[in-house]
Amino acid sequence: MLEFIQHLVNGLSLGSIYALIALGYTMVFGILQLINFAHGEVYMIGAFIGYYFARWIGFNQDPSLWALLSTLSVSMIGCALIGFLIERLAYRPLRKSPRINILITAVGVSLFLQFSGQLVFGSDPKFFPQVFQPSGDWSIGELKINPLQVSVFVISLVLMAILQFVIFRTRLGRAMRAVSFSHDHASLMGIPTNKIISATFMLGSALAGAGGVLVGLVYPKIEPLMGTMPGLKAFVAAVLGGIGNVTGAVVGALFLGLAESLVVGYWAPTFRDALAFAILILVLLFKPTGLFGTNRTEKV
Amino acid sequence: MDNQGKPDEGATAATKLITQNQVIALLGEVASSRSLAMAPIAQQYKVPMISPSSTNPKVTEIGDYIFRVCFIDPFQGMVMAKFARETLKAKNVAILRDVKSDYSMGLADFFVDTFKKMGGAIAVEQSYSSGDVDFKAQITAIRAKKPDAVFVPGYYTEVGLIARQAKELSLNVPLMGGDGWDSPKLTEIGEAAVVGSYFSNHYTHEDKSANVQKFIADFKAAYGVIPDGLAAMGYDAALVLIDAIKRAGTTESKALRDAIAATKDFQAVTGKISLNEKRDAVKSAVVLKVEKDGFKYQTTVQP
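Sequences listed follow chains P and V, in order.
Remember, this note's numbering sits 97 above the position in the first sequence when you count from 1.
Remember, this note's numbering sits 31 above the position in the second sequence when you count from 1.
These aren't lab readings, by the way, just hints derived from the structure by calculation.
Be aware that a few hints might be false.
[What the hints assert, rightly or not] Output of the computed footprint for chain P on chain V, the stretches with three or more beta carbons under 8 Å from beta carbons of chain P:
| hint | segment |
| --- | --- |
| 1 | 160-166 |
| 2 | 170-179 |
| 3 | 216-224 |
C-beta: ideal position from N, C-alpha, C; glycine also.
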């Protein structure tokens, strides 16, 4: 029983990180019907921005909550810029092309960033500075809960809540929702469609950047190819929740994190990566809209 | 000759050395992939080749002119099993292996075999794939079986994270591994969590034997740094060749080959070397303990 609860705790903390990445996928899909395969690489770049920033300031000598928050913000701003550039340079020129062209471009951007990353950052794994080290550890008997994991979980939830607020309570959010229904109608209503699409990319990329820093804290080994697998899994999570749906992405990601932990713990560890894709196939076969996919009104 | 670290350049260089420079023997290569490219050429021209540190079992399987002065990968599994049973007195050990790596699988298989033969039990076997960053599920499953130690024959990048997560989940038993751990990055990533773990390696500069200390002193005088394991094994490959030439009294290829093959209990820097019928070195391995200020010599395990 205790082992089972420990698996649940592990799974939730893994899932909350998938959720941060899945949100970016789902937002971009909602607004452009584009699967931005470069999203996992934005997450990788976020981790590296955090790495260089924290080392430059010297936060590894002086860990604090403030250090974590400033690393997070710098990385989020940096990734928002990267997201803006990716959309502006790679996707916008193809806005009117057939969707398959944009999809192939997305794969190209992803590979370009992976291998530029190897060139710029070097391909050997780097140790992510521990900018935040909450003290003590919470344990209930044998059950271990790492305060760092809890902090990561809470920060993820706060970021998701902010996103929810932006989408449903602000003018920007209303415009994003309008654009997701129809670009043409939205622009007839005086909504600057291109700016809104840029903003969506920036928002999604900022979340991926935050994900990169938080992962760096919990699993302090970062490398240029680290974005591929989490990126694909977050994509599966987004599809599972109903791609285009914000709540769905979070639920899908938490579900995937839990499922992975249980499969590795009780069945076959080698099946871990296959699991995500087995889920993808099942969802596409039996409920292509995903868990929350029918609820069109919540689409971003 | 410089092969630029490329297997195909290695093959070209070997051909050139043999046909143009008429060498009597080849010493090389360091990496298994490049030795595998050179070996067929050495075999074809019947020029003895001695690799200092290619540990992949396939290297010497290429032909009877190919030798090595290091042990092969799986041997370390045996070494660590002996160490766990005899030095750590472990009865119940868990295995966490990397299913994507032949190296890790080989070490784990030999560990399990030897450890069971010596009366130990395997508590649980778990696995991961290189590149994974989350091992908590595996560690939770291992923790539930309460092992005395965990054998993790992987590379330092994953091992560092595994050690951290083991500590987070309060799995406070020693971890053990092979020479894939040998990197300063191990302690950089694992920090305090890897301290108190053990791994097998080819050589340690802390060895107090006279010949080892003399080699280290000579090397320092010539190059100004403490020789690492690769330097020591390169030196040993040359020693073995010189010894064989002396015994053969000729550099004729067949006689030289037989002399190298007959190498027995040859005292070299990285241990006593005997070559077995597979032309692999049978020699001792050292076990190092990870401590705060580096890797400390623990014991020597005989084959």
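Do the hints match the structure? See the list:
1. 160-166: holds (count 5)
2. 170-179: holds (count 4)
3. 216-224: holds (count 3)
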